[in-house]
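So the protein sequences, as listed, match chains D and B.
Each step along the first sequence adds one to the number in the UniProt record's numbering, with nothing skipped, and position 77 is 77.
Each step along the second sequence adds one to the number in the UniProt record's numbering, with nothing skipped, and position 95 is 95.
Bear in mind the hints are in silico, worked out from the structure with no lab data behind them.
Careful: at least some of the hints might be erroneous.
[Stated by the list, open to error] For lysine-lysine, the following BS3-like pairs were computed, each having C-alpha atoms within a straight-line distance of at most 27 angstroms:
{"id": "1", "chain 1": "B", "residue 1": "Lys39", "chain 2": "B", "residue 2": "Lys134"}
{"id": "2", "chain 1": "B", "residue 1": "Lys196", "chain 2": "B", "residue 2": "Lys39"}
{"id": "3", "chain 1": "B", "residue 1": "Lys196", "chain 2": "D", "residue 2": "Lys165"}
{"id": "4", "chain 1": "D", "residue 1": "Lys165", "chain 2": "B", "residue 2": "Lys170"}
[What the hints assert, rightly or not] Pairwise CB distance ranges (calculated):
{"id": "5", "chain 1": "D", "residue 1": "Leu131", "chain 2": "B", "residue 2": "Phe136", "range": "48 to 58 angstroms"}
{"id": "6", "chain 1": "B", "residue 1": "Val123", "chain 2": "D", "residue 2": "Tyr273", "range": "32 to 42 angstroms"}
{"id": "7", "chain 1": "B", "residue 1": "His100", "chain 2": "D", "residue 2": "Phe113", "range": "29 to 39 angstroms"}
{"id": "8", "chain 1": "B", "residue 1": "Gln73", "chain 2": "D", "residue 2": "Thr167", "range": "40 to 50 angstroms"}
{"id": "9", "chain 1": "D", "residue 1": "Pro217", "chain 2": "B", "residue 2": "Asn281", "range": "18 to 28 angstroms"}
{"id": "10", "chain 1": "B", "residue 1": "Ser417", "chain 2": "D", "residue 2": "Gly109", "range": "25 to 35 angstroms"}
{"id": "11", "chain 1": "B", "residue 1": "Phe136", "chain 2": "D", "residue 2": "Gly109", "range": "53 to 63 angstroms"}
{"id": "12", "chain 1": "D", "residue 1": "Trp248", "chain 2": "B", "residue 2": "Ala155", "range": "27 to 37 angstroms"}
{"id": "13", "chain 1": "B", "residue 1": "Thr143", "chain 2": "D", "residue 2": "Gly109", "range": "50 to 60 angstroms"}
{"id": "14", "chain 1": "B", "residue 1": "Gly22", "chain 2": "D", "residue 2": "Leu91", "range": "34 to 44 angstroms"}
[Unchecked claim] Example chain D residues on the side facing chain B (calculated, C-beta under 8 angstroms, incomplete):
{"id": "15", "residue": "Asp130"}
{"id": "16", "residue": "Leu175"}
{"id": "17", "residue": "Ile186"}
Ideal Cβ placement from N, Cα and C applies to all residues, glycine included.
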Amino acid sequence: MDQSGIGLWGVPLAMLAGAIRVSTPFIFVSVGECLTERSGRINLGLEGTLVMGAMSAYGTALASGSPWLGVGVAALVGLLLGALHAGICQLPRVNDIATGIGLMLFATGLAFFLGKPFIQPKAPNLGAIDLGWWSSIPQVRQALQVNYLFVLGIALAFALAWALKTTRWGLIVRLAGESVDAALAIGTHVGRVRMIATAVGGSFAGIGGAFLSLYYPGSWNEGLSSGQGLMAVALVIFARWDPVRCLWASLLFGAAGAISPALQSVGVTEGYYLFSAAPYVLTLVLMIATCSPERSLRGAPGELGAVRQKEMRQWPGSMSTRAPIPGPGTAT
Amino acid sequence: MTAIGVAHFPPHEGAPSLELLGFCKRFGSLMALDDVSVKVKAGAFHALLGENGAGKSTLVKCAMGYYAADQGQILLNGREVEIHRPRQAHELGLGMVYQHFTLVPNMTVLENFVLSRDQLPAVIDWSAERRALKTFFETTPFTVPLDTPVADLAAGQKQKGEILRQLYLKRNLLILDEPTSVLTPDEADEVLSTLKELTDAKQITIITITHKFREVNAFCDTVTVLRRGKLIDTKPTAELDNDMMAEMMVGRRENRTVVERNVREPGKPVLQVEGLCVADNVGQRAVEQLTLDVRAGEIVGIAGVSGNGQRELVETLAGQRHAESGRVLVHGELYRATRPEMIRHKIACLPEEPLRNACVAEMSVAENMALRSFDQPPASPDGIRLRRSPMRAAARKLIDAYRVKTPGPDAPIKGLSGGNVQRAVLARELSSEGDLLIVANPCFGLDFAAVAEIRGRIVQARNRGAAVLLVSEDLDEILQLSDRIVVMFDGKLAFEAMAAQAEIGAIGRAMAGH
Numbered sequence: 001m002d003q004s005g006i007g008l009w010g011v012p013l014a015m016l017a018g019a020i021r022v023s024t025p026f027i028f029v030s031v032g033e034c035l036t037e038r039s040g041r042i043n044l045g046l047e048g049t050l051v052m053g054a055m056s057a058y059g060t061a062l063a064s065g066s067p068w069l070g071v072g073v074a075a076l077v078g079l080l081l082g083a084l085h086a087g088i089c090q091l092p093r094v095n096d097i098a099t100g101i102g103l104m105l106f107a108t109g110l111a112f113f114l115g116k117p118f119i120q121p122k123a124p125n126l127g128a129i130d131l132g133w134w135s136s137i138p139q140v141r142q143a144l145q146v147n148y149l150f151v152l153g154i155a156l157a158f159a160l161a162w163a164l165k166t167t168r169w170g171l172i173v174r175l176a177g178e179s180v181d182a183a184l185a186i187g188t189h190v191g192r193v194r195m196i197a198t199a200v201g202g203s204f205a206g207i208g209g210a211f212l213s214l215y216y217p218g219s220w221n222e223g224l225s226s227g228q229g230l231m232a233v234a235l236v237i238f239a240r241w242d243p244v245r246c247l248w249a250s251l252l253f254g255a256a257g258a259i260s261p262a263l264q265s266v267g268v269t270e271g272y273y274l275f276s277a278a279p280y281v282l283t284l285v286l287m288i289a290t291c292s293p294e295r296s297l298r299g300a301p302g303e304l305g306a307v308r309q310k311e312m313r314q315w316p317g318s319m320s321t322r323a324p325i326p327g328p329g330t331a332t
Numbered sequence: 001m002t003a004i005g006v007a008h009f010p011p012h013e014g015a016p017s018l019e020l021l022g023f024c025k026r027f028g029s030l031m032a033l034d035d036v037s038v039k040v041k042a043g044a045f046h047a048l049l050g051e052n053g054a055g056k057s058t059l060v061k062c063a064m065g066y067y068a069a070d071q072g073q074i075l076l077n078g079r080e081v082e083i084h085r086p087r088q089a090h091e092l093g094l095g096m097v098y099q100h101f102t103l104v105p106n107m108t109v110l111e112n113f114v115l116s117r118d119q120l121p122a123v124i125d126w127s128a129e130r131r132a133l134k135t136f137f138e139t140t141p142f143t144v145p146l147d148t149p150v151a152d153l154a155a156g157q158k159q160k161g162e163i164l165r166q167l168y169l170k171r172n173l174l175i176l177d178e179p180t181s182v183l184t185p186d187e188a189d190e191v192l193s194t195l196k197e198l199t200d201a202k203q204i205t206i207i208t209i210t211h212k213f214r215e216v217n218a219f220c221d222t223v224t225v226l227r228r229g230k231l232i233d234t235k236p237t238a239e240l241d242n243d244m245m246a247e248m249m250v251g252r253r254e255n256r257t258v259v260e261r262n263v264r265e266p267g268k269p270v271l272q273v274e275g276l277c278v279a280d281n282v283g284q285r286a287v288e289q290l291t292l293d294v295r296a297g298e299i300v301g302i303a304g305v306s307g308n309g310q311r312e313l314v315e316t317l318a319g320q321r322h323a324e325s326g327r328v329l330v331h332g333e334l335y336r337a338t339r340p341e342m343i344r345h346k347i348a349c350l351p352e353e354p355l356r357n358a359c360v361a362e363m364s365v366a367e368n369m370a371l372r373s374f375d376q377p378p379a380s381p382d383g384i385r386l387r388r389s390p391m392r393a394a395a396r397k398l399i400d401a402y403r404v405k406t407p408g409p410d411a412p413i414k415g416l417s418g419g420n421v422q423r424a425v426l427a428r429e430l431s432s433e434g435d436l437l438i439v440a441n442p443c444f445g446l447d448f449a450a451v452a453e454i455r456g457r458i459v460q461a462r463n464r465g466a467a468v469l470l471v472s473e474d475l476d477e478i479l480q481l482s483d484r485i486v487v488m489f490d491g492k493l494a495f496e497a498m499a500a501q502a503e504i505g506a507i508g509r510a511m512a513g514h
C-alpha cells in the first residue's frame with residue numbers, strides 16, 4: 001500500500017476513522033446511562049451489560065447467520081439486565097452504586113462463562129456505509145467506511161435530547177430524577193418511570209456491546225471491552241447529563257483511543273502502550289477538572305444517588321425528611 | 001365529591017370561604033390538634049398565629065389532605081367536602097405554598113409550570129405554552145422570567161414563582177406556610193401586598209401561617225391564634241394590638257416554678273461571643289453580628305422561634321460549623337472548638353437531636369459515654385491502646401447515677417428511647433464537671449418525668465458554678481431555668497433582660513420581630 005501518498009495526514013485521518021469506530025460503543029453506553037441517570041438512578045453495571053451484549057450478539061449472529069438479529073438479541077439482553085438492576089434498586093434501602101458494581105461483575109462473569117465456545121469461530125459482521133466512494137486514496141476510503149450503528153447512535157442521541165425536552169414522557173423522566181416529591185405530587189409512579197428508563201438505558205448499552213463483537217474489533221474475546229462501559233458512565237458526568245454532549249464527548253474519547261493505532265500506522269511505534277492509555281488519562285483529567293467538593297455540578301439530577309429509607313410513597317408535605325442531595329463526588 | 005373527579009378547574013370562580021370544624025389530630029401521645037375550628041371568610045387574608053408546635057402546620061396539612069385528621073369536617077363555600085389526598089384539595093382549588101421551595105431547581109420556570117398541570121399532551125408545544133404563560137402573566141400582579149432555571153432565581157423570585165404557579169393552576173384558596181421566612185422584609189412586603197390586592201378584589205382567599213406581627217398588622221384582616229394544639233380565639237386584626245396577640249400566643253404564664261436553685265451572684269464571664277457571623281447551609285447569613293456573654297453560675301436562655309439562627313449558633317460553638325467572622329472566647333482565650341480546647345476549658349455540649357448530633361448510633365452506650373475521654377487515662381493509658389474495662393466501669397457508674405434505662409453498657413445506643421439517649425449524653429457531658437455547658441432543646445419530645453429530671457440536672461450544673469447557655473424553642477423552659485433571657489430573631493439578639501424582671505409580652509413581641 002502506498003503509505004507516502006498522504007504522509008502525516010494519515011494521523012488525523014486515522015484518528016477520524018478511529019473516532020468513528022471507537023466512539024460508537026461509548027455513544028450507546030453514555031446515551032443509555034444519560035437516560036437512566038436523568039431518571040434519578042445510577043447504573044454502574046453497564047460495563048457488564050456491554051460485555052453481555054457483545055457475547056450474546058456474537059453468539060446469535062454465529063448461530064443464525066444474521067448480525068442484525070444479534071444486535072436485537074443484545075438489546076433484549078441489555079433490557080433485561082437494566083430491568084434487573086432497576087428491580088433490585090426499588091427495594092428499600094438498596095444502594096444503586098453497590099448493586100451496579102455487583103451486576104457488572106455478575107454480567108461480565110456470565111458472559112465469559114457462556115461465551116467460551118464463541119472465541120474461535122467467525123461470525124458474520126455488520127456492514128458499513130461507504131462514504132468515501134469519491135476518493136481514490138485508499139486511506140480516505142477506509143476512513144470513511146461509516147458503520148450503521150454509528151449513524152443509529154447519533155440519531156439516538158438527538159432523539160433522546162428532543163424527547164427529554166419536548167415530550168411528556170421526557171419531562172416525567174426528568175421530574176423523577178429531579179424531585180421525587182414533585183413527581184409524586186403530580187401522580188407519577190416514580191418506581192415505574194425509573195424501571196423503564198433503566199431498562200431502556202440498558203438496552204442501548206447492549207447494542208453498544210453488539211458493535212464491539214460484530215463490527216470493531218469484530219470478534220468475541222474476554223478482553224473486548226476493557227472498561228469502556230465504565231468510562232462511558234464517567235463521560236455522562238463530563239457531558240453534564242446532556243445526550244448530545246454525550247455524543248461529542250464520545251467522539252473525543254474515540255479519537256483519544258485512536259491515537260496509538262494511528263501513530264502506529266505511520267510508523268511511530270514508540271510509546272504505543274503509553275498512548276493506548278490516553279482515554280483513561282483523559283477520563284481522570286476530566287473528572288478532576290469538572291468535579292469539586294465545594295460546589296455541586298450544574299445539571300446533575302437532584303435525586304441522583306439519594307438513598308431513600310422507604311419506598312417513595314410519602315406526600316410532598318414531608319419534604320424536610322429528605323436525604324441530602326449528594327454532590328457529584330458520590331455520584332461517580 | 002368523589003375520590004378523584006375530572007374537574008380541572010375549581011368548581012367555582014372567585015374567592016371561596018372555608019370552614020374547618022372540630023379538627024383533632026394525635027401523633028402518638030401528643031395531641032397536636034384538640035378540637036380546633038376556624039372560619040375563613042371569602043376573600044379574607046387570614047393569619048394563623050402561634051408558637052412552634054402550636055398546631056398551625058398540622059391544621060392546614062389536615063385541610064390539604066397531607067395528614068388524615070382523626071376528626072374534623074371541612075366546609076367549602078358552606079358545602080361539606082371530603083379531602084383525603086392532596087389531589088382532591090387541588091381539584092377543589094386549594095393550593096399550598098411552603099416556606100421551602102417546591103419548584104424543581106434544574107428546570108426552567110416554564111417547564112415547572114407546565115409540568116404541574118394535571119393533563120399534559122404527549123408532545124409539548126413549547127412555543128404555544130410560552131405564549132399562553134406570557135398572556136397569563138399579563139393578568140398577574142408580578143412576573144418571573146420564564147426561561148431561567150429556577151436554581152438561578154433569587155429567593156424572592158422563587159417564592160413569587162411558587163405563588164404564580166398556584167394562580168396559574170387556578171387555585172383560589174391559597175395556604176401559605178411561613179411564606180416570608182426566606183425573604184427579606186422588602187421582598188416580603190412586595191409579595192404580600194400584591195396578594196392583598198387579589199384578596200381585596202375577592203379573587204382569592206388566603207390563609208397564612210406566620211409568627212411575624214408586623215406582617216399580620218400590615219396585611220391580614222383576621223387572626224386565629226393557636227396554642228399547644230388548642231384554639232385560643234379568632235378576631236379581626238383591627239381589634240388586636242401586639243400585646244394582646246403576644247399574650248394570646250404565649251399565654252399568661254407562671255414565671256417561676258424553679259427547680260431549687262441557689263441564690264448566687266454570677267461570676268466571671270466564661271463564654272464571650274463577639275460579633276459572630278455564621279452562614280447557613282445555602283450560604284445565607286444565619287447569625288448576624290451576635291455578641292453575648294455567659295458568666296459562671298448563670299443560665300442564659302436564648303428564646304426564639306426556630307430558624308432564627310439558633311441552630312447555626314450552637315453548631316458553631318460545638319465545632320460543627322465554621323464562623324464567617326467574629327470570635328469566641330472561653331475563659332478569656334480564643335476558642336476554635338478544637339478537641340484540646342474543649343478538654344482544657346471543660347466544655348460540655350448537649351445539642352438537639354443528640355442521637356444524630358452527639359452519638360454514634362451503632363456504637364454501644366459505654367463507647368458513646370466515653371467519646372469525650374476514650375483517648376485519656378484510664379480508658380487509654382498512652383493515647384494509643386484502648387482499655388474496655390475502665391470504659392465499661394465508668395459507663396456503669398453514669399448509667400446508675402443518671403438512671404439511664406439500657407439493657408447494659410454494651411447495648412447499642414440507638415436502641416434506647418429518646419429520653420434515655422438524652423440522659424446518656426447529658427451524663428457524659430456533665431460527668432466532666434464542665435465549666436461551660438451548651439444545651440439546645442434538651443427536653444424536646446420527652447415525657448414529663450424525664451423533662452423534670454433533665455432540667456434539674458441543668459440547674460445543678462449552674463448551682464455548682466458552671467456557665468450554661470440554654471437554647472430552647474420552649475418558652476416555658478426558658479422562663480423556668482434562666483437567670484437571664486435573650487431572644488434571637490433573624491440571627492440577631494432582639495431582647496435581653498434578667499429573668500426576674502422579664503415581661504412575657506415583651507419576650508413574645510421580640511420573638512415576633514417587634
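How the hints compare with the structure:
In summary, the hint linking Lys39 of chain B to Lys134 of chain B is not supported, as the alpha carbons are separated by about 36 angstroms, beyond the 27 angstroms threshold. The hinted pair formed by Lys196 of chain B and Lys39 of chain B meets the criterion: a straight-line CA distance of about 19 angstroms does not exceed 27 angstroms. Distance restraint check for Lys196 of chain B and Lys165 of chain D: the Cα-Cα separation of roughly 37 angstroms exceeds the 27 angstroms cut-off, and the hinted pair is therefore not satisfied. The straight-line distance between the Cα atoms of Lys165 of chain D and Lys170 of chain B is roughly 25 angstroms, inside the 27 angstroms bound, and the hint therefore holds.
Between Leu131 of chain D and Phe136 of chain B the beta carbon distance is about 50 angstroms. The supplied range of 48 to 58 angstroms therefore holds. Distance hint for Val123 of chain B and Tyr273 of chain D: a CB-CB separation of about 50 angstroms, inconsistent with the stated range 32 to 42 angstroms. For the pair His100 of chain B and Phe113 of chain D, the beta carbons lie near 51 angstroms from each other, so the given range of 29 to 39 angstroms is not met. Range check, Gln73 of chain B to Thr167 of chain D: about 43 angstroms between beta-carbon atoms, so the 40 to 50 angstroms window is met.
For the pair Pro217 of chain D and Asn281 of chain B, the beta carbons lie near 50 angstroms from each other, so the given range of 18 to 28 angstroms is not met. The hinted window of 25 to 35 angstroms between Ser417 of chain B and Gly109 of chain D is violated, with their beta carbons roughly 47 angstroms apart. The beta-carbon spacing between Phe136 of chain B and Gly109 of chain D, approximately 57 angstroms, falls within the hinted interval of 53 to 63 angstroms. A hinted range of 27 to 37 angstroms holds for the C-beta pair Trp248 of chain D and Ala155 of chain B, which are about 35 angstroms apart.
The supplied range of 50 to 60 angstroms is met by Thr143 of chain B and Gly109 of chain D, whose beta-carbon atoms lie about 58 angstroms from each other. For Gly22 of chain B and Leu91 of chain D, the hinted distance range of 34 to 44 angstroms is satisfied, since their beta carbons lie about 42 angstroms from each other. Checking Asp130 of chain D against chain B by beta carbon gives a least distance of about 36 angstroms; that is not within 8 angstroms, so the hint is violated. At about 6 angstroms, the closest approach between the beta carbon of Leu175 of chain D and any beta carbon in chain B falls short of 8 angstroms, and the interface hint on this residue holds.
The interface hint given for Ile186 of chain D is met, as the beta carbon of that residue sits about 6 angstroms from the closest beta carbon of chain B, less than 8 angstroms.
This entry does not satisfy hints 1, 3, 6, 7, 9, 10, 15, going by the numbered hints stated previously.
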